[in-house]
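Student: On the provided structure of chain A, position chain B as indicated by the hints.
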Amino acid sequence: SQQGEEDPQALSIQEGENATMNCSYKTSINNLQWYRQNSGRGLVHLILIRSNEREKHSGRLRVTLDTSKKSSSLLITASRAADTASYFCAINSGGSNYKLTFGKGTLLTVNP
Amino acid sequence: GAGVSQSPSNKVTEKGKDVELRCDPISGHTALYWYRQSLGQGLEFLIYFQGNSAPDKSGLPSDRFSAERTGGSVSTLTIQRTQQEDSAVYLCASSLAGTGGEKLFFGSGTQLSVL
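Heads up: the sequence lines are chains A and B, in that order. This note's numbering puts the first sequence at residues 1 to 112. This note's numbering puts the second sequence at residues 1001 to 1115.
Derived from the structure by calculation, the hints contain no laboratory data. None of these values were measured; they are calculated from a predicted model. Careful, some of the hints might be misleading.
[To be verified] Taking lysine-lysine and the DSS-like style, the derived pairs with C-alpha atoms no more than 27 Å apart in a straight line are:
#  : chain 1 : residue 1 : chain 2 : residue 2
1  : B       : Lys1057   : B       : Lys1103
2  : A       : Lys99     : B       : Lys1015
3  : A       : Lys26     : A       : Lys69
4  : A       : Lys70     : A       : Lys26
5  : A       : Lys56     : A       : Lys26
6  : A       : Lys104    : B       : Lys1011
7  : A       : Lys56     : A       : Lys70
8  : A       : Lys56     : A       : Lys104
9  : A       : Lys69     : A       : Lys99
10 : A       : Lys69     : A       : Lys104
11 : B       : Lys1103   : A       : Lys26
12 : B       : Lys1103   : A       : Lys104
13 : A       : Lys99     : A       : Lys26
14 : A       : Lys70     : A       : Lys99
15 : B       : Lys1103   : A       : Lys69
16 : A       : Lys104    : A       : Lys26
17 : A       : Lys99     : A       : Lys56
18 : B       : Lys1057   : A       : Lys99
19 : A       : Lys70     : B       : Lys1103
20 : B       : Lys1011   : B       : Lys1057
21 : A       : Lys26     : B       : Lys1057
22 : B       : Lys1057   : B       : Lys1015
23 : A       : Lys104    : A       : Lys70
24 : B       : Lys1057   : B       : Lys1017
25 : B       : Lys1057   : A       : Lys104
26 : A       : Lys56     : A       : Lys69
27 : B       : Lys1011   : A       : Lys56
[Unchecked claim] Example chain B residues on the side facing chain A (calculated, C-beta under 7 Å, incomplete):
#  : residue
28 : Gln1041
29 : Gly1042
30 : Leu1043
31 : Gly1098
32 : Gly1101
33 : Phe1106
34 : Gly1107
35 : Ser1108
36 : Gly1109
A virtual CB, placed ideally from N, CA and C, is assigned to each residue, including glycine.
With the rest of the complex left out, here is chain A (with noise of 0.2 Å):
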């Protein structure tokens, strides 16, 4: 199964400033999520979109997906410092439909 790539690996700005974080894949895909993780423990779900969607908007976040490109980006708009986390993509294709792959993630701090 496929991992799914994020960049960059580290992304630091300041309050009140967008986001932005990309995941690169190789091969087609099912569907493909967004999670948030708070000081290496649990994930959290952020957002799905699917092979047929191109955009996904939730509150401040939105994501769009480029099968084309095999890529996906999340935006997080008017940052706040309780966005500082790590961010993953996770990759659900071919035939095993119940396996996200994740990828290493995205360390995002906000500075106050």
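Tutor: Chain B only, in chain A's frame:
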């Protein structure tokens, strides 16, 4: 319960000892997953349960690792003869049906330290 519960939250053990990690998924979730996360790394898939059976054990790193699930609920991950490279956070997740296109609900993990 309200969320996925894992115990213990932290476990320190000596090399060579066996450890058991427990996961209590969200009530009614038929799918359960174990992942491992080493420091600064992504999540490594270990095993997937659908009900009490494990159709995918492909991620278990060695025969020292085993897992079971009983009553379609609680799961136990057992590591025998622990090694220092087993040190990691072990994360459990559950989902409603495991049919894909679902979000996973994660527990807070067990931090395992093998001295």
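Student: Against this structure, judge whether each hint is valid.
Tutor: Against the structure, the hints:
{"no.": "1", "hint": "B:Lys1057 / B:Lys1103", "in the structure": "20 Å, holds"}
{"no.": "2", "hint": "A:Lys99 / B:Lys1015", "in the structure": "31 Å, violated"}
{"no.": "3", "hint": "A:Lys26 / A:Lys69", "in the structure": "9 Å, holds"}
{"no.": "4", "hint": "A:Lys70 / A:Lys26", "in the structure": "7 Å, holds"}
{"no.": "5", "hint": "A:Lys56 / A:Lys26", "in the structure": "22 Å, holds"}
{"no.": "6", "hint": "A:Lys104 / B:Lys1011", "in the structure": "24 Å, holds"}
{"no.": "7", "hint": "A:Lys56 / A:Lys70", "in the structure": "16 Å, holds"}
{"no.": "8", "hint": "A:Lys56 / A:Lys104", "in the structure": "23 Å, holds"}
{"no.": "9", "hint": "A:Lys69 / A:Lys99", "in the structure": "22 Å, holds"}
{"no.": "10", "hint": "A:Lys69 / A:Lys104", "in the structure": "20 Å, holds"}
{"no.": "11", "hint": "B:Lys1103 / A:Lys26", "in the structure": "22 Å, holds"}
{"no.": "12", "hint": "B:Lys1103 / A:Lys104", "in the structure": "18 Å, holds"}
{"no.": "13", "hint": "A:Lys99 / A:Lys26", "in the structure": "16 Å, holds"}
{"no.": "14", "hint": "A:Lys70 / A:Lys99", "in the structure": "19 Å, holds"}
{"no.": "15", "hint": "B:Lys1103 / A:Lys69", "in the structure": "24 Å, holds"}
{"no.": "16", "hint": "A:Lys104 / A:Lys26", "in the structure": "15 Å, holds"}
{"no.": "17", "hint": "A:Lys99 / A:Lys56", "in the structure": "22 Å, holds"}
{"no.": "18", "hint": "B:Lys1057 / A:Lys99", "in the structure": "11 Å, holds"}
{"no.": "19", "hint": "A:Lys70 / B:Lys1103", "in the structure": "21 Å, holds"}
{"no.": "20", "hint": "B:Lys1011 / B:Lys1057", "in the structure": "23 Å, holds"}
{"no.": "21", "hint": "A:Lys26 / B:Lys1057", "in the structure": "24 Å, holds"}
{"no.": "22", "hint": "B:Lys1057 / B:Lys1015", "in the structure": "24 Å, holds"}
{"no.": "23", "hint": "A:Lys104 / A:Lys70", "in the structure": "17 Å, holds"}
{"no.": "24", "hint": "B:Lys1057 / B:Lys1017", "in the structure": "23 Å, holds"}
{"no.": "25", "hint": "B:Lys1057 / A:Lys104", "in the structure": "22 Å, holds"}
{"no.": "26", "hint": "A:Lys56 / A:Lys69", "in the structure": "17 Å, holds"}
{"no.": "27", "hint": "B:Lys1011 / A:Lys56", "in the structure": "40 Å, violated"}
{"no.": "28", "hint": "Gln1041", "in the structure": "6 Å, holds"}
{"no.": "29", "hint": "Gly1042", "in the structure": "4 Å, holds"}
{"no.": "30", "hint": "Leu1043", "in the structure": "4 Å, holds"}
{"no.": "31", "hint": "Gly1098", "in the structure": "4 Å, holds"}
{"no.": "32", "hint": "Gly1101", "in the structure": "5 Å, holds"}
{"no.": "33", "hint": "Phe1106", "in the structure": "4 Å, holds"}
{"no.": "34", "hint": "Gly1107", "in the structure": "6 Å, holds"}
{"no.": "35", "hint": "Ser1108", "in the structure": "4 Å, holds"}
{"no.": "36", "hint": "Gly1109", "in the structure": "5 Å, holds"}
In this structure, the hints that do not hold are numbers 2, 27, in rising order.
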